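From just these sequences and the hints, can you work out the full model?
Residue numbers are given in my numbering: position 176 of the sequence shown equals residue 176, and the series is strictly consecutive.
There could be a bad hint or two in this list.
Said to hold, decoys possible - Computed cross-link-like contacts, DMTMM-like style, restricted to lysine to aspartate or glutamate with a CA-CA straight-line distance of at most 25 Å:
(1) Lys67 / Asp31
(2) Lys48 / Glu22
(3) Lys67 / Glu103
(4) Lys67 / Glu86
(5) Lys145 / Asp57
(6) Lys145 / Asp82
(7) Lys48 / Asp82
(8) Lys67 / Asp57
(9) Lys67 / Asp82
No lab work stands behind these hints: they were computed from the structure. For clarity, every value in this text was computed on a predicted model and none was experimentally measured.
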Amino acid sequence: METTPQQEQRRAAEQRRRDLLEAAERVVLRDGPGASMNAIAAEAGITKPILYRHFGDKGGLYRALAKRHTDALLAALRAALDAPAERRRRVEATLDTYLAAIEANPQVYRFLMHPAEDPPPLDRNFDVGRHSAPLLRRLGEELGKVIEERVESGGAGVGRARIWGHGIVGMMHGAGDWWLGERPCSRAELVTAMADLLWGRLSTVEDRAEGPGF
Numbered sequence: 001m002e003t004t005p006q007q008e009q010r011r012a013a014e015q016r017r018r019d020l021l022e023a024a025e026r027v028v029l030r031d032g033p034g035a036s037m038n039a040i041a042a043e044a045g046i047t048k049p050i051l052y053r054h055f056g057d058k059g060g061l062y063r064a065l066a067k068r069h070t071d072a073l074l075a076a077l078r079a080a081l082d083a084p085a086e087r088r089r090r091v092e093a094t095l096d097t098y099l100a101a102i103e104a105n106p107q108v109y110r111f112l113m114h115p116a117e118d119p120p121p122l123d124r125n126f127d128v129g130r131h132s133a134p135l136l137r138r139l140g141e142e143l144g145k146v147i148e149e150r151v152e153s154g155g156a157g158v159g160r161a162r163i164w165g166h167g168i169v170g171m172m173h174g175a176g177d178w179w180l181g182e183r184p185c186s187r188a189e190l191v192t193a194m195a196d197l198l199w200g201r202l203s204t205v206e207d208r209a210e211g212p213g214f
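Structure, rendered in structure tokens:
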């Protein structure tokens, strides 16, 4: 099937955007929260106005990187939840998947969750908190949907599954942030302790009829 000039142009633009995100990620892996639009433009071999043309501002670039990593993390969490193992092991595997992700890419995590201590002058109006809160909300909502698909969460239905989803994400984020900064224990010890905290109700709920199970 032949492609039209418009389709070719759209594909070229999408590829260019992917290339720019790859360049941005390289800078973030190197500089963490201190990654600047100037450094990213230089890494990509373009001028900053061209970078702005694709992402608008640092907030647009942040959202694109956040979506890229959140999509990958959600896919990994779903895979852990659906792995063939007994429920307690899948709970532990899900917690470990999150911690392994932030441990593997600490600079990306810090860029997404923590402001730079001394940001470049042109980036000082960039508010990390304003952008990171929606990222955590998305994780909570998606995890709530996964729980609702798999278990009978009680009379509150979707409402209770959403509570659990946001609560688990809040716990993973809070404990993981503390652990990544201080390393007070091994990852395995943290996983076991968090699973112990979660296990009470999750150990007793029934799988949802005709659902994928949990």
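Evaluated hints:
Distance restraint check for Lys67 and Asp31: the Cα-Cα separation of roughly 20 Å lies within the 25 Å cut-off, and the hinted pair is therefore satisfied. For the hint linking Lys48 to Glu22, the alpha-carbon distance of about 16 Å falls within 25 Å, and the restraint holds. Between Lys67 and Glu103 the CA atoms are separated by roughly 18 Å; this keeps the pair inside 25 Å, and the hint holds. Annotation: proposed proximity of Lys67 to Glu86 is violated, straight-line Cα distance about 31 Å (limit 25 Å).
A hinted pair counts as satisfied when its Cα atoms are at most 25 Å apart, and Lys145 with Asp57 does not qualify at roughly 32 Å. Between Lys145 and Asp82, the direct Cα distance comes to roughly 14 Å. Compliance with the 25 Å bound is thereby established for this hinted pair. Pair hint Lys48 plus Asp82 does not hold up; C-alpha atoms about 43 Å apart against a cutoff of 25 Å. For the proposed pair Lys67 and Asp57, the alpha carbon gap of about 16 Å is at most 25 Å, so the pair holds.
Between Lys67 and Asp82, the direct Cα distance comes to roughly 22 Å. Compliance with the 25 Å bound is thereby established for this hinted pair.
Hint compliance for this structure: hints 4, 5 and 7 are broken, all remaining hints hold.
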